[in-house]
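Enquirer: Spelled out, the chains give:
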Amino acid sequence: MIPDQNETVKQCGIKTGWEISETESHKLAKILLKYHKKKEDLISLLQEIQEEFGYLPRNVLHALSREIHVPEHEIFGVATFYSQFTFNQPGRHKIRICLGTACHVRGAVGILEELQRNINTKPGSTSKDGEFSLETVMCLGSCALGPIIVMDGDYHGQMTPLKVQRLIEDRQKEAGT
Amino acid sequence: MITINGQQYPFTPGKTVLEAVTEAGVYIPTLCNHPHLPPFGACRLCIVQIDDVRGLPTACTTPLTDGMNIRTESEDIQKLRREIMLLILSEHPNSCLVCKDKELCGKYNTCTTKAGKITGCNLCSWKEGCEVRKIVEYLQIEDISYHIDYHDYALERDDPFFDRDYNLCILCGRCVRVCEDILGIGAIAFLNRGHATRVGTAFGISHLDGGCMFCGACVDVCPTAALTTRATKWLSQADKRTKTTCNFCGVGCSMIIEGRRDTVMRALADMDGAANQGQACVLGRFCIPPFFNAIGRLRYPLVRKDGVLTPVPFAEALSAAAEGLKRFDPNDIRISVSPKLTNETAYLLSRLVKEVLPGTSMELNAPFDSMAMQVSFRLIGYPGCSGDLESIRDAEVIIVAGADLCIDHSVLRVRMNAAHKRGAKIVWIGPMRSGEIRLVDYHYPEAGIPEMLAGALRVLAHETQDMEGGDAFLGSLLAFKEKEGAKELASIVKGKRTCILLGKEIMQDRPESVMTAAWDLLMLTQSPRGLIPLLEANTQGIYELNPTLVDTRQKGRAKAYYVTSGNADVPPEAEFVVLQDIFESKMLERADVVLPGTGLPEDEGTIVSMEGRVQSITPIARAPGTSMADWMIVAKLAEALGGNGFNYDTLDQVTQEMFATSAIPGLGLMVKPLPASRLFPVMATSNSPQLPASAMLVHAYRGADIVDKVDDLYRLYRYRGVVK
Amino acid sequence: MRLRSLIELEALRQSILQKKDPNKPCISLCSGTGCHASGEKKVQEAFRNELKKRGVDDKVEVKSTGCFGFCQFGPNVVLHPEGTFYHSVRVEQVPDIVEKTVLKGVILEDLLYTDPSTNLKIFHEKDVPFYAKQMRNILGNNGLLEPTNIEDYIGLGGFVALAKVLGEMKPEQVIDVVKKAGLRGRGGAGFPTGLKWETARRSPSYPKYLVCNADEGDPGAYMNRSVLEGNPFSVLEGMIIGAYAIGSAEGFFYVRAEYPLAVKNIILAAKKARERGLLGKNILGSELDFDVKVIKGAGAFVCGEETAMMASIEGKRGMPRPRPPFPAESGIWGKPTNINNVETWANVPLIIRNGVDWYQGIGSKTSKGTKVFSLVGKIKNTGLVEVPMGTSLRTIVFDIGGGIPNGKALKAVQCGGPSGGCIPASHIDVPVDYEGLKELGAMMGSGGLIVMDEDTCMVDMAKYFVSFTQSESCGKCVPCRIGTKRMLEILEQITQGKGINQHIATLESLCATIRDGSLCGLGQTAPNPVLTTLMYFRSEYEAHINEKRCPAKVCKALIHFEIDKDKCTGCQACKVRCPAKAIDGQPKKPHSIDQNLCIKCGVCQQTCPTKASAVMRLDNLSTEAAR
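Residue numbers (this note's numbering), protein chains in the order written: chain A, 8 to 184; chain B, 60 to 783; chain C, 60 to 686.
Okay, chain A solo, but in the shape it has when bound (with noise of 0.2 Å):
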């Protein structure tokens, strides 16, 4: 049986508004129920939320807390440790730029910052429109095509800082932007 989650929090007191709707309890409970709500599976049950929802949103994290008998400051302690994790939403394309030392022997830092400068975000964050968020890679294993980003799951390899201003120029032509 599926609890009702805002009635775990209400009965616990603890004032801070992060209800989880009923679609996003549901998917939390199927989650869960694949791991047996196994407290050691905690590293898996956050890969596996953030699969479905695309980023740890607080709320899913707050009622995992209660679910899982583990407090959330260790959960958050957990997720905030590994690299893999975001808290926030992603944008419409996902940028994964390696960093790897054969793609920085062939110039990787001069294409982060070409990305940065073109869709105006940091590594770790979504650009402010929605459209691009960034992420940094330590070896993604395709050294042969160095320097190399991914987009959406599609590989762009041997990147020069010119060939970054057309990808994003493209796309932002794509979205009307």
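Misleading hints may appear alongside valid ones.
Claimed, not checked - Quick list of in silico lysine-lysine cross-link-like pairs, DSSO-like style, CA-CA up to 27 Å: (1) B/K480 - A/K44; (2) A/K41 - C/K394; (3) B/K385 - B/K364; (4) C/K323 - A/K34; (5) B/K553 - A/K46; (6) B/K768 - B/K173; (7) A/K41 - C/K352; (8) C/K647 - C/K670; (9) C/K330 - C/K223; (10) A/K46 - C/K323; (11) C/K640 - A/K180; (12) C/K394 - A/K44; (13) A/K45 - B/K484; (14) B/K480 - C/K394; (15) C/K670 - C/K626; (16) A/K44 - C/K352; (17) C/K330 - A/K37; (18) C/K112 - C/K159; (19) C/K340 - C/K229; (20) C/K352 - A/K34; (21) C/K375 - A/K34; (22) C/K394 - A/K45; (23) C/K122 - C/K163; (24) B/K480 - B/K74; (25) C/K323 - C/K122; (26) C/K375 - B/K484; (27) B/K553 - A/K44; (28) C/K424 - C/K497; (29) B/K645 - B/K768; (30) C/K330 - A/K45; (31) C/K640 - C/K670; (32) A/K44 - C/K340; (33) B/K555 - B/K540; (34) A/K41 - B/K484; (35) B/K555 - A/K45; (36) A/K180 - C/K634.
Bear in mind the hints are in silico, worked out from the structure with no lab data behind them.
Chain A is fixed; fit chains B and C onto it per the hints.
Expert: Leaving out everything else, chains B and C in the frame of chain A:
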């Protein structure tokens, strides 16, 4: 045998190198280590050289083996320690630590220069106690050439009781570890990674929102001024300190209180405390100075003359009280005993009643305690808990019903956590106001505790084997309605050693049924030591000394009242009222004589905790005005009433006499006999007047509510929905 | 379906071998992530469609196999049974390939690899110089099987070793063989594997856990990924053998989340193994119970460290724990745990199958067997290389790697990633084995070899590695958390032209503190890149500090861009693209760059047409005017 710096010492298995070296009296600098916490190995200062071990291992994490040859100091070791310390200092405000004029700065500088942002020892309230400072001095660090990094975290001062300045934090992790490992709460955690690591809460929410109990354990273990007690941090140095026992609740935590010029200044948990094992709660840790130093203390004896309470000398007040009481038949006199009174006071009161005013009735001003003592007496043969606090730690299932472990008896959480870590299951029946996320495995939030327990009993009862009282017991269960969750509860406790903690909130609904059902449950799970009603400070002691204390709600009204708390139940038609208390209260409107007594920091004597541990209370402060110790007031009042043998010079005389003649034999844990195995029928109804939750949650000390005197506590209780 | 005994396994193997038609044409496509990124999937689809169109899809097999290793030149295709090797295959070329080569046997010379040293075309995979000097014991089968096809694996001799172990050997014997063979951990430390297994076996408590460390975090290293993606059964077989030897019933694969294909393949491979009774209870009818669980890493390099990995498996922050106690005594949940790298596990079946003597015959005196390296960076043949231990670095870089592209000179090779050190060109003949590299201050590490040429600034590389370590440090212990930050600050100052003489001494002192004081391997080896670059390239540091000059012209603060007025045609291309609007000039007239506005992004140099090549990257001591 092991060798430390060339000297031989005996080998004891199961220890770490650090423990062995410390026991041998040799100094090793440590910052992240704490005797009560598992080793962490983060600060790297306790490095040592051990033969046949590569590099410089940390003493705190290395297990001791027989024949080890250990060197705690060498040029290499000191050099590395110094470098590590310099790295720590590069991120901890260190002007003053390396100032060549630091000796000239006086001890009290910090108190005259109060600053929010601390950039050096001269502005730090923890200058004297800081462990970073001690190690800098030991390593003789005089200069630091590294780039200095100030994190510039915002000061956190919005939560009650303690301030947080994480710019001073050295990430030793003691606070996180004590909150998680010892208390089992986990209200703070390490966040982020690498250089961005810090201690904090999820999404930066306040500690109130985050489930913090404000027990102060983290403040106690912090080696720097990152965590400080707001109310007392800028007070100057204490000139006295002593060990005493907190009497805010029945756990009986051993505390160290500090005083200056006869005023209590600070309270810390006693690491060697038998009942609390180094822990305390928000009341004992933070509320003792603010409460007892609050305004509204009664200072002078008062007698009503022409309708107005007038200050008089004590002798006059005592004779006025005596004269007043003598007008009545003792059967019409009622004495209301506060559960905060010491044994000696209670002993003298019992003598007063027996010898001087025979026929006087005595009641305990604590409805839950009264009920619990009466019922437990019936169930187990003596009043009080059926076991000591270790039964909590040893239990396999712990049921908490009707209690709010944030407000009262918080320290029991430590044992609950220890049990939980070993695999015990914790069941919580009733509203769970605080975030007991980690500890509680099963939560039944709705009321109907008698139905829950009765339902579980019905399931378990099928296995009843010829226990005394079986048939009547089984029959009584039929009167209870089905309750969801009862079956699950039965399966949880079946065959497990159980411990049941009963709190004040069971007074809302058939408390006698709850207690009886709880006892039956313990019987069916072979857990005779598991009945733990959460009693007040000295309820146990008072009952030991006055076995005839009655539940006077049945007894009826009296005409003259001698009350020791301002919130005692005195009916409007009472004709004469003597009030002996420490704070002003509404009772002043009714009182004919007012006698100012003493509170915890001014008290001397003994109390018996809920588990039966007799402990001492030692004073550090002087009560205001011409207040007199409660025991002395009773003794002198008895004399004024014509009693003999009440002429004591010292408290010790009373104590010794009490030990010799009463049921309390001396200091220490009073061992109780094993109760007989017996099942009792559970009453379907009870005569107890239902008391609302709000009445139960009020936390009174004598006649005053602690919440009214300590603002931060009011904030905390208000947040938890305990007060409006 | 389920194999209930060794005999049934052998029978299955024979039936597979019998069904194999050695003459049946087969198109194998490398489906490793590198070729995948280059569009292998579309090429595969094109092949299937083309074959279907021609009605020969039942006569010609299309196999998507594991990584061939020749990543620079993907998508790679090998046509069996001839072994014809086509590289950089595009979708448009597929119909031609099918019509001419597959159906008619005609070679399309454009698609053949040309040996740059002889200019001759190479027909067969094995003749490609890249492969000729390699000994592909671990990676060899990658091109011959579909990664998650268990029958392919069995047909190639898979599980022969397992059958031998279960049928003929006692657990202690297995450990003995591994010890005698001299297998050393391939994850970096090179600890004798047999000894590790023995300690775990001797531990009295149960249950015992096995872990496959697939958290390959070294940037530039992807050997483990290729093995897991390409031949997951080989790793599984090694683990099952290990489980038997140690007495474990539960194993974990800890795989980086950045390797989704590896995760997918290992989960699928485990499922297939389970269906066949090669995982689970009573494996092949024996007493052995063993099963595996796949756990994805969540983006923390430090979790490659054993104790941090165990914390992560327990659902906690990946903060390392002090040792003792060692994982083999007390690991996950306090139980004995044996952690080995992917490549180590993959070595095990080979050792059991071919014997101690065979293994001892490969490699150097102290380091036996082969090692897989990822050869990346400024190198012509980027890819995965497998050679016997002790092969010289020169052979790897020049003979196999093809040398440095664009005519540049080799400067150094970084071995062992952020925990390793650089080997300068002067020491290029060093035999690559554990001890050989250690003597020079470097480390084998997991096997990443990053080749750097004259255009690489060694101070910048040191800064890069320290910055990596800083961002991946777990933050628990003082020397690593704070020490690497202080080091990074100094390196940043040096690369920004704010270095002072004292900095080098401070760096050296910090290196000693961090190396000697840190809790775990990440911290203890973090100073290596700095120490080795200081040792071999001190002059570069001194140039940055004393002359404010970056010899390789990399450090932005110490270089500037100028337009050669003689070469500039005034096409305005750079002016349009300049993000800082720093270029000024009239059409058809030479342009100039305003140094005050220039942000040194280099877009102008790339935009400038090759014919003109008018943009120059200069160090701050030289200007056009000065020349």
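Enquirer: Going straight from one Cα to the other, do C/K330 and A/K45 come out at no more than 27 Å?
Expert: Within the cut-off at roughly 23 Å; holds.
Enquirer: Are the Cα positions of B/K645 and B/K768 separated by 27 Å at most?
Expert: holds (15 Å)
Enquirer: Starting from A/K41, check that the Cα of B/K484 is at most 27 Å away, please.
Expert: Roughly 23 Å between the alpha carbons, so the hint for A/K41 and B/K484 holds.
Enquirer: Does B/K484 lie within 27 Å of A/K45 when you go C-alpha to C-alpha?
Expert: Holds: A/K45 and B/K484 sit about 15 Å apart, inside 27 Å.
Enquirer: For C/K647 and C/K670, compute the direct alpha-carbon distance and say whether it is at most 27 Å.
Expert: Given pair C/K647, C/K670 holds - Cα atoms ~15 Å apart, limit 27 Å.
Enquirer: Please work out if C/K323 and A/K34 have their alpha carbons no farther apart than 27 Å.
Expert: holds (23 Å)
Enquirer: Holds or violated: C/K112 and C/K159, Cα atoms, limit 27 Å.
Expert: Holds, at roughly 15 Å.
Enquirer: Checking one constraint from the list: CA of C/K640 to CA of A/K180, max 27 Å. Satisfied?
Expert: Satisfied, since the Cα-Cα distance of roughly 22 Å is no more than 27 Å.
Enquirer: CA of B/K553 to CA of A/K46, is that 27 Å or under?
Expert: Satisfied, since the Cα-Cα distance of roughly 25 Å is no more than 27 Å.
Enquirer: For the pair supplied as a hint, C/K394 and A/K45, is the alpha-carbon distance within the 27 Å limit?
Expert: holds (19 Å)
Enquirer: Could you grab the alpha-carbon distance between A/K180 and C/K634 and see if it respects the 27 Å cut-off?
Expert: This hinted pair holds, its Cα atoms lying about 22 Å apart.
Enquirer: Could you grab the alpha-carbon distance between B/K768 and B/K173 and see if it respects the 27 Å cut-off?
Expert: holds (25 Å)
In this structure, every one of the numbered hints holds.
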